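Q: If you want the building blocks of each chain, they are given just below.
2 protein chains.
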Amino acid sequence: MPIFFNVLPPSEALLLLLSHVRPRVQAETLPTVEALDRVTVAPLAAPHPLPTFRRGTMDGYAVRAADTYGATGSLPAFLQVVGEVAMGRPPNVTLSPGQAAIIHTGGALPETADAVVQVENTQPVGDGEIEVVKAVAAGENVIQVGEDVATGEEILPAGHWLRPQDLGGLLALGITEVPVARKPRVALIATGDEVIPPDQEAGPGQVRDINSYTTAAQTLRAGGEPLLYGIIPDDLPALEAAAARAMAEADLLVFSAGSSVSVRDATALVIAGLGEPGILFHGVAIRPGKPTIGAIADGKPAIGLPGNPVSAMNLFDLLVVPTIHRLLDCHNPPQHSVVRARVARNVAATPGREDRVPAKLVRRDGELWAEPVFGKSNLIYTLVHADGTFVVPLDAAGVTAGEWVEVRLF
Amino acid sequence: MPIFFNVLPPSEALLLLLSHVRPRVQAETLPTVEALDRVTVAPLAAPHPLPTFRRGTMDGYAVRAADTYGATGSLPAFLQVVGEVAMGRPPNVTLSPGQAAIIHTGGALPETADAVVQVENTQPVGDGEIEVVKAVAAGENVIQVGEDVATGEEILPAGHWLRPQDLGGLLALGITEVPVARKPRVALIATGDEVIPPDQEAGPGQVRDINSYTTAAQTLRAGGEPLLYGIIPDDLPALEAAAARAMAEADLLVFSAGSSVSVRDATALVIAGLGEPGILFHGVAIRPGKPTIGAIADGKPAIGLPGNPVSAMNLFDLLVVPTIHRLLDCHNPPQHSVVRARVARNVAATPGREDRVPAKLVRRDGELWAEPVFGKSNLIYTLVHADGTFVVPLDAAGVTAGEWVEVRLF
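Sequence lines, in order, name chains A and B.
When we follow my numbering, the leftmost residue of the first sequence carries the number 147, and every step to the right adds one.
When we follow my numbering, the leftmost residue of the second sequence carries the number 147, and every step to the right adds one.
Excised from the complex, chain A in its bound form (with noise of 0.2 Å):
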């Protein structure tokens, strides 16, 4: 069968593939206060309105605002002040006509009363009576019944991320639990006969595995759910054997092939072999990570990532993280920070392929500039010393010292 060799610039490289990718979402049901970061499955509705009963906003006095109109400091309105709202009760007052209630902020309006006096403009004059001397329009200093939200309204569309405030969001509601999208699983593989465990010695020739450990970190912050399944040699039959396994339990597969061109080699085959339709591409137009492959077999996403730590890391942000934001169908994923900053030095590149350059964020004279780490692409310890990466675009030749760039952090 053979290999075929199909290399795509890497905005393409995505769209096909997202084109490809179906959302998987099946629903569990969560309490709110642990559903941060997960997404929502379906619209959310407000069981009741918010709030529900009419809030003074100010510390004051709780008034009929009809009885200050024309109130000013040289003309005051006198009122008599009937009680105190309670917090936390339902008022226990009602106003007639000349009368005022002393009022905390967040305080339940009584039901005669339609608006709030901020007590810097009232006066105390003795026997029960203020003074207002400035009026107030109906409906000031109040927050009515449904204002933050209605009875029904959607407050949370299908597909969303959940933040701090949207736990807040729903808990002021009573929703104690949200049912969310069950995280993605992604089937991490690594292969090659070069390639031990991190917890055991290397010897002459072996490197320890460190791409299932990063692309997992890398999986929990897309809000998937890593299964290692650990180093598969460089074996045909032992391959397709721990790709058949991860097809049955992953929603998304991803190999990081081990260095030899035969371990490669039988990684494309295992991928061809997987399912309908295949292979999409082989190779995107990007440094560094070239030799990935980009795959849909019966519906199910499966990537072949370069055996490097850097393209391999490189490559999961660009094809992996944006699979599980679809598979997720959430609209509003985490981002990367962006900083802007100068480049500190020339960057040389080749057009026709994207450069992603890792870079250190130094301030000097209160700019911001990025050294570019340099090294061969494929140590490890290049992202390590690197605050971010910088693009240079396929098309251009390199940046030159002084350059505007955005850094994404990661």
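Treat the hints with care, as some may be off.
Distance condition first, Cα-Cα at most 30 Å in a straight line; then the derived DSS-like pairs of lysine-lysine [unchecked claim]:
{"id": "1", "chain 1": "B", "residue 1": "LYS506", "chain 2": "B", "residue 2": "LYS436"}
{"id": "2", "chain 1": "B", "residue 1": "LYS522", "chain 2": "B", "residue 2": "LYS436"}
{"id": "3", "chain 1": "B", "residue 1": "LYS436", "chain 2": "A", "residue 2": "LYS280"}
{"id": "4", "chain 1": "B", "residue 1": "LYS522", "chain 2": "B", "residue 2": "LYS506"}
{"id": "5", "chain 1": "A", "residue 1": "LYS436", "chain 2": "A", "residue 2": "LYS522"}
{"id": "6", "chain 1": "B", "residue 1": "LYS506", "chain 2": "A", "residue 2": "LYS280"}
{"id": "7", "chain 1": "A", "residue 1": "LYS436", "chain 2": "B", "residue 2": "LYS280"}
{"id": "8", "chain 1": "A", "residue 1": "LYS522", "chain 2": "B", "residue 2": "LYS280"}
{"id": "9", "chain 1": "A", "residue 1": "LYS522", "chain 2": "A", "residue 2": "LYS506"}
{"id": "10", "chain 1": "A", "residue 1": "LYS436", "chain 2": "A", "residue 2": "LYS506"}
Going by beta-carbon spacing under 7 Å, a handful of chain A positions derived as facing chain B [to be verified]:
{"id": "11", "residue": "ASN267"}
{"id": "12", "residue": "PRO310"}
{"id": "13", "residue": "GLY315"}
{"id": "14", "residue": "ARG488"}
No wet-lab data here; the hints were simulated from the structure.
Owing to the predicted nature of the structure, the values given are computational and were not obtained by experimental measurement.
We put the beta carbon where it would ideally sit given N, CA and C, even for glycine.
Please arrange chain B on chain A, whose structure you already have, making use of the hints.
A: Below, chain B without anything else, positioned relative to chain A:
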């Protein structure tokens, strides 16, 4: 005891608070694979070089570079192929002058080889011989021992927030356990007679506690451990008892005050009485969130947040998140993503106060616009409907439609 009111601009309030916060870093040792988003407590050094052996970076032939000098397409060098480097094994070939060995990307260079010729620059010519059509320099296509990191080199400083690539860097060196800072314990104390737990039916005048949960989520994101103390009624001894417990158990105390004057006064009294030097500021020139207290009590920061949920989140973000990072002694904490956008309509503001305006991001004609989400500042759904906030600076009277602002996503 007088409650002094000492309002500071936001940046000054933060600086004053942080100037009193000492890192409180207790170490705990975690498996490296579980240390994502934790913070190192000491610099870490490489126990051995990386890589540990000379590795080829191309598929091709390991050679003695001198044998290829002067080789061109018209005048190739001829080399005898004497073996193949097996992946993951010590090199089992030694090259004499005029000899080459097949090598795969990542393979170990034979001892007397010093370069790799890419397969594309070779041609088999029969009898186990190849011609080399392009000379290589010594060291070409080779990663030297220690080129990624040298033995003893500092690989991570103290106070480093561990990202996916950092875990990879540690595991590549066989560092499978890492000492990290224990998460700072953040006591979250809600107060107010009108506040009830979220799973209860809210009667007239009652509102559900959401500050405990929004700030718990913010604590988690900032790398802290939230300790929820529940809702304390508006009662000085009860507040004092909760605060004493928090002083004993937590590294940082956060009160979210109820709405009424009396509970706000009681909270301020309790904070003032926790220890020396006491309250640093009482009031921050920011909207929403002005009535905020910053204090230090016997070395522990104590923050009194306003009761309204938007203010509470806003000031938590401004003051508490950096305090958690300072307690962790972290130099690279995660940052909010920032997006530049044009303001979709005029926003008025009061000079002398920093405004944080919730906004929704909308793409229009290829440009990103920030639509302010209007609403009274204590409505939690203004934040739920927003993608982030932008700042109207202290000295500005507003922002004009079309102006560029930086929207912090949260």
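Q: All hints are to be evaluated individually against the structure, with a verdict given for each.
A: Checked hints:
no. : hint                : result
1   : B:LYS506 - B:LYS436 : holds (24 Å)
2   : B:LYS522 - B:LYS436 : holds (15 Å)
3   : B:LYS436 - A:LYS280 : holds (23 Å)
4   : B:LYS522 - B:LYS506 : holds (16 Å)
5   : A:LYS436 - A:LYS522 : holds (15 Å)
6   : B:LYS506 - A:LYS280 : violated (36 Å)
7   : A:LYS436 - B:LYS280 : holds (23 Å)
8   : A:LYS522 - B:LYS280 : holds (21 Å)
9   : A:LYS522 - A:LYS506 : holds (16 Å)
10  : A:LYS436 - A:LYS506 : holds (24 Å)
11  : ASN267              : violated (16 Å)
12  : PRO310              : holds (4 Å)
13  : GLY315              : holds (4 Å)
14  : ARG488              : violated (16 Å)
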